[in-house]
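A.B. asks: Protein chains in written order, with my numbering: chain E, 187 to 1178; chain C, 168 to 659.
Keep in mind the hints are simulated off the structure, nothing from the lab.
Quick caveat: nothing in here was measured; it's all calculated off a predicted structure.
Do not rely on the hints blindly, as some may be mistaken.
Computed list of chain C residues with no C-beta within reach of chain E, every gap over 10 Å [stated by the list, open to error]:
no. : residue
1   : Arg231
2   : Leu290
3   : Leu293
Derived DEER-like restraints, expressed as beta-carbon distance ranges [said to hold, decoys possible]:
no. : chain 1 : residue 1 : chain 2 : residue 2 : range
4   : C       : Ser626    : E       : Asp543    : 30 to 40 Å
5   : C       : Ala426    : E       : Asn684    : 28 to 38 Å
6   : E       : Glu503    : C       : Thr637    : 20 to 30 Å
7   : C       : Thr213    : E       : Ser954    : 22 to 32 Å
8   : C       : Ser598    : E       : Glu618    : 50 to 60 Å
9   : E       : Gly957    : C       : Thr213    : 45 to 55 Å
10  : C       : Ser626    : E       : Asp949    : 25 to 35 Å
Where chain C lies over chain E, by a calculated footprint (3+ residues, C-beta under 8 Å) [as the list claims (entries may be wrong)]:
no. : segment
11  : 440-446
12  : 535-542
13  : 833-839
14  : 938-949
15  : 1005-1012
16  : 1072-1081
For every residue, glycine included, the Cβ atom is placed at its ideal position computed from N, Cα and C.
The chain contents come next:
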Amino acid sequence: MNSHRPEPSPDRIRSHHPVLRPPPRRLATLGASLFAALLLLGAGGELAAQTGSIQGTVIDAQSGRALVGTQVSIPGTQRGVVAGAQGRYVLENVPAGEVTLRFQIIGYELVDRVVTVQAGTTVTLDVQLRTRALAMDELVVTGVGQATSRRQLSTSVAVLGEQAIAEAPVQSIDQLLQGRVAGSTVSAVSAQPGTGSQISFRGVSSVFGSQTPVIYIDGVRVDNSSATAPGTGGEQSSALADLLTTDIERIEVTRGGPASTLYGSDAATGVIQIFTKRGRPGAPRINARIEQGFDAPDLKYILDAGEIYPSRVESGELPADFLAQSFFRTGWVQNYSLGVSGGSEDVTYNVSGRVQDAEGIQPRNESNLISTRGSLQANLTDRSRLQFSGSYTRSSYGRLYNGTAIADPLTALEVGDALFFTGASTVQEATEIFLLADIEELVERTGFSGGYIYEGSDLFGFRATLGVDRRASEQTQFQPIGFTPGDEEGSLQRFQRNFTSATVDAAASLNWPSTENLRSTLTVGAQGFRDNEYRIFGSGVGFALPGSKDFDDAATITAGESRSQVFTGGIYLDENLAIRDRVFLNLGVRFDAGTSFGDEVDFATYPKAGIAWDVGRETFMEDLAGRWVTEFRLRSAYGETGKFPPPFLRDRTFSATSFREESAPRFSNPGNLDLRPEVTKTFEVGFEAAFLDDRIGVDFTWYDATTEDALFFVPEQPVTGQGTQIRNVGEISNRGIELDVSALLVNRANFSWQVGATYQTVDNEVVSMGGAAPFFVEPQKRVVEGQVVGAWFVTTPFDSNGDGNLNASEQRFIRDCDDCKAYGPTPTRSGGVSTRFSLGPSLTLSARGDWAAGHKVMDFGSVWSTFNGIYRREIREEGYEYPIRYNAQGQPGRPYAQSAARSEFIYDGDWFKLREISARYAIPGALLSRVGAQGGGAFFSLRNAWIWSKNPLIDPELSGLNPAGGGLALGGESSITMSPPRSFRFGLEFTF
Amino acid sequence: MRIPMHSPLPGRGAARTLMLTLAVAVSAAGCDFLDPTNVENPLTTTEDLARATEPTRALLPGLRAQFARVLGGTMVLTEVVSDNYSIHGTGLNSEYDNPRAIVPNIVNATGTATGLYWNLQELRALSTFVLDDIVPGDNSATTEQLAEIRYYRGMAFLMLAENFTAAPLEVDGTPVPASELLARALADLDASLASGVSGEFNLRARAAQARAHRLGGNAAQAAQAAQQALAAQADFVFLQGYDATSITNQAFVFTTQRALKEMQPLPRLDFLDPKYTSLSAGAPVAKAEEMHLILAEIALASGSLGAARGHLADAITLAQSRPRPNFTDNDQRQNADLTVRPRNAEIVIRADPQSPFRSGLVLTRPGSVPVPTISGTSLRADSVRALTGEEETWHAFHLARQEIHFLEGRRMSDLGIRLPMMLREIDANPSINPGDAGTTVVVPSYIPEGNGMDVFTPSSPYDDDDQLVTTQVTIQVDMNRVLARERVNAFN
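All chains should be modelled from the sequences, with the hints used to inform the complete structure.
C.D. replies: Shown next as structure tokens:
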């Protein structure tokens, strides 16, 4: 939802736009020298000062309610405080002289007040803030050359502010986005630790690679891979799981299109920019937070022993609720964090640490997390500064095989395979055997960002960022002797992945002319980044003795590796023109070159153009609408973005396998010298409006995005003996709307009530395949012209001889009529709803839900259960009967094989989840002062409180079957995989 | 509005120095990493291949490996389509058990277990690439290497012809009928033999020549090649080896490891299973027994029953002389519903309701069982020599061929079933439309409906406590009887 959110101080302003041609080594060295020289240029010059203090209260202008949590800051400096109980604030050590104070809090207007501070005295400044449905004066930096107020943007950028992030009962960034950003689809994979969500913005714009947006933290591109280790069934570890929400000041999200153009060949799937917290001058401030809670399994989609093993339950061998009783559990969670920030006028710091421990809702799902983050910044002069931030996260967790694996206890128990695969005589014994497998994963992630900002004058500015994200993980899968029936050997697999991404980024801006009627800002920037990924695995099979967990003790040892590297660089120009402060024009272009482009391709060029008209500020509008329409802004933009092909696929290659002590080569990649990024061209029109004295805010966007030169893994004709080659052949269209509405329904001194909703639609279609043959992007999901990407194309029983009996099967689309578009696995409509109550001066209650609809999902667990004669749909869906195949003579035969009747396992995907319920209580100042705290609160939250779905068999949000290697993951299919648990949390936080 | 910064604080100079040092160090250190020229493809590119000193020798192991993949795909896929095996787990598509339900999508596989079409085309294309693009520029290529390459390509053509009615041979090409595929197979095999190499690949090519002529119905040439092969070595056998860690014996994976308990043999063939007892176990690709069987078939087709029985007896005698090592088989012989299939030696089997019960066909499992790793048969030479009547001789011939070539990927073709090419070929080739030659499964009318070839009664001769209830098991259809009555043979 739109509302006032904290303004990024200029030091957050960064851009991320690559260097043109990959610079030769000599040039790169020169660049480094230049960078250092600029740093030195900015150094020097110090002024002495005397200081005073400012104090006051911040209240709601209409209701008089104290606005606890208001950020009070001096723009352009690191100084600031947060208003505490009764809305009181005190700002000390303020330089004497005329000072501008900025007051901002979510849902209210941003107010700047000028006050004169005299040395050694305290000046009082009380402020009343009016509610604002739209945060139009908020500054954003993503997708524009330099910090620009939202009022001037011709595109839509979603912003999550500090307060919204801090209050969200989530652990990772992907969870935070769920239901909070219009235009996004965020689907959890499973309840197992280490897994991340599938994120996509504005539909599926590409049929290769991940749809996950690129993510920047403090200007540095970070690992966003959704497949960082071998699957443990249908699930894979994700780098998103260790992108924590700790210590984040704000997040800006562009959903592809013109707002992402300046990111070039990297941004068609959108950009998420994360800005971490910085320290502010003043005495050290300590923040402590203690959180306790528990995760409880949601058993809505679990068929327990009574339904799967009725005869064993009847015989008394097994309790009907065996799984609920003996397999699942309620897992305790502990979370502690401690931070300290402060500093002098010239050097500030912010350091924090967090430890977390969780037991998990299934056996062997324990997890442990340690993370630290720190930032340091120094003013070199009054016009230049340096800033650094770094983080370290260590995450370790256990896993169960789950999703698809034969060794998966839950699936085996749920589909009736437990005895079959273990050779055990009882279900209890089978479960014990399954739990012998030991899967552990350890992730260590280190990030670093260094930046330099030089604001030489109001005319000219320069900034540069350099940073690295490194993520190293190791997964061990140990199957001890006796795990596999009859297998006296045991096996061990060890997998390591090292990923490093380096970013270098620099931009200069010129503000000229700068008059009341015409302001121009021209930014020229360059950016380069390089990703290196190295995967190595070792496997040992056959251990003579128990106890060994070294694979070099094994009878048979194998090893393998894969490496990939890519460098992409580009330059960009961005011109922003403000005419009469009413009409805003934006023009820009980016040129990219990259090592994944084919030899015949030089540059990729991405232009953009946009216009915004702040109609609400026009005199005629003010006369016409008055307080009924307090904001009204029209905008329209066109922009192109790209998605670069994977490394090395331009080359014709051969790969070899070790075979009988020889290296045995075969064809690998067919090669394509014309390979270039696919280009998504987006046209969008929208408006923001605030009504009824700014109580209702509406943000609407219609977009039409066409991906041209779409990269398809085109299957070569098998006659060539070659596999698939990625080629620029297709065209994919996504059209839809994004609507974000917020309303302040009640605003009284002791009670306020806000509601909000987001709604989005996506109409996806493969417009052209450029002559390439239809293909399956995942099993059952077809890519064919005229249909959505990955339209379900499944075996369907039908009557071939007209006798009224089902006797044949063929692959068909799942659709409502012969001319209708087929259903795909991704939602065509989705949204979120939220509400928030403030009761009295201290208590806040909020709830949030999200939903998706218009798609179909596949239930693989029920597919597999048919092998054991268990038709789960018949158990859960009253009146449903699994089809029987008749013979040509009209006589009934056996039930259709699952492979001939996949249509029976595809269900409506509609769902709604009550995602979060939370309560926060601001502890009164009198109580706080007793413990010496400046601020503090207590909170309770419940996440994943309740699920509704049209189908009774699987959680349709889950995308538990992920393709290997992090390729395109459309989701919409899962096996027996647990929904994210109901997470109850309660805790206390204090600021000293 | 900007606020002027004031008040230099103690330590500011040191902080600045530290920060600047950090910035410069990071910039300098990042240079190499951000150097785009330092991005190299870790795989062999065309340019790399051009630098190979002996490219033909280097690529030859690739053809050997690819031939192993081909055999793996044939052994698994075609055996389950035939009456030899049926599917009882989750690892293989149960539609394979119902030949008439096989559509191009079902065989749209590229792996080494069921990707038969894919791997055959890759073997043919890779061989052609070496012969056409590498050998002409490679002075180091030897005659022996060329003979081996031509053998592999000949086998690719031959096995395409055995298992498919037609297949394209070039990009955008129309499907070439099996007869033409066979002609190309013979051209390569002839060329391999004409190169004059001796030893293994001479004999393998000769045996393949006999096999190809048999498929083409060329009795005289088939007989000549078979006799030449036998004359070279009366008990020859060549195995395609596998690797325990990379290209494993896929038949072993599905019939011995049975992780997903997929494939179970028809009970009357129980004594032949599992044929391969290790991941690297070799699979027969050419053996003398087949030459005798070809001679028997030719004699039978020409009405020389006595001569035919003699050749059959030779094949049986040789098969029985092959090794039968003991193997501890832990398989429970379960149907998909966990009921138990015949697994006790006291069980007797009849091949159809009209046939007599026979003992010795089922072995007791789990337990130690003798495994015919090259050839095995339930027939005896004396009994075959004593046979009377044409149909009975044909029946014995088909049974001998089924048992001796068990799990070698031959039975489906002998039954007259031909697979459709994979869907990807139909989709991607503009010259091929659904319904064209080679795009649909061919199932002769004498093949029973559904999974009729795999059905026997009772489906489990055991009670709920796995105690044997009856020792008599009856197969629904004896496909060898059907083939004999229909006089199905290569020389009609």
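A.B. asks: Indicate, hint by hint, whether the structure satisfies it.
C.D. replies: Hint check:
1. Arg231: 7 Å, violated
2. Leu290: Answer for Leu290/C: violated, closest chain E Cβ roughly 8 Å.
3. Leu293: 5 Å, violated
4. Ser626/C <-> Asp543/E: 30 to 40 Å: Check failed, 52 Å falls outside 30 to 40 Å.
5. Ala426/C <-> Asn684/E: 28 to 38 Å: 32 Å, holds
6. Glu503/E <-> Thr637/C: 20 to 30 Å: For Thr637/C against Glu503/E, whose Cβ atoms are near 28 Å apart, the range 20 to 30 Å holds.
7. Thr213/C <-> Ser954/E: 22 to 32 Å: 30 Å, holds
8. Ser598/C <-> Glu618/E: 50 to 60 Å: For Ser598/C and Glu618/E the Cβ distance comes to about 58 Å; the hint holds.
9. Gly957/E <-> Thr213/C: 45 to 55 Å: 25 Å, violated
10. Ser626/C <-> Asp949/E: 25 to 35 Å: Check failed, 51 Å falls outside 25 to 35 Å.
11. 440-446: violated (count 0)
12. 535-542: Violated: only 0 residues of the segment 535-542 of chain E have a Cβ under 8 Å from chain C.
13. 833-839: holds (count 5)
14. 938-949: With 0 residues close enough to chain C, the hint is violated.
15. 1005-1012: violated (count 0)
16. 1072-1081: It holds: at least three residues are needed, and the segment 1072-1081 of chain E offers 4 whose Cβ sits within less than 8 Å of chain C.
Of the numbered hints stated above, those contradicted by the structure are hints 1, 2, 3, 4, 9, 10, 11, 12, 14 and 15, listed in ascending order.
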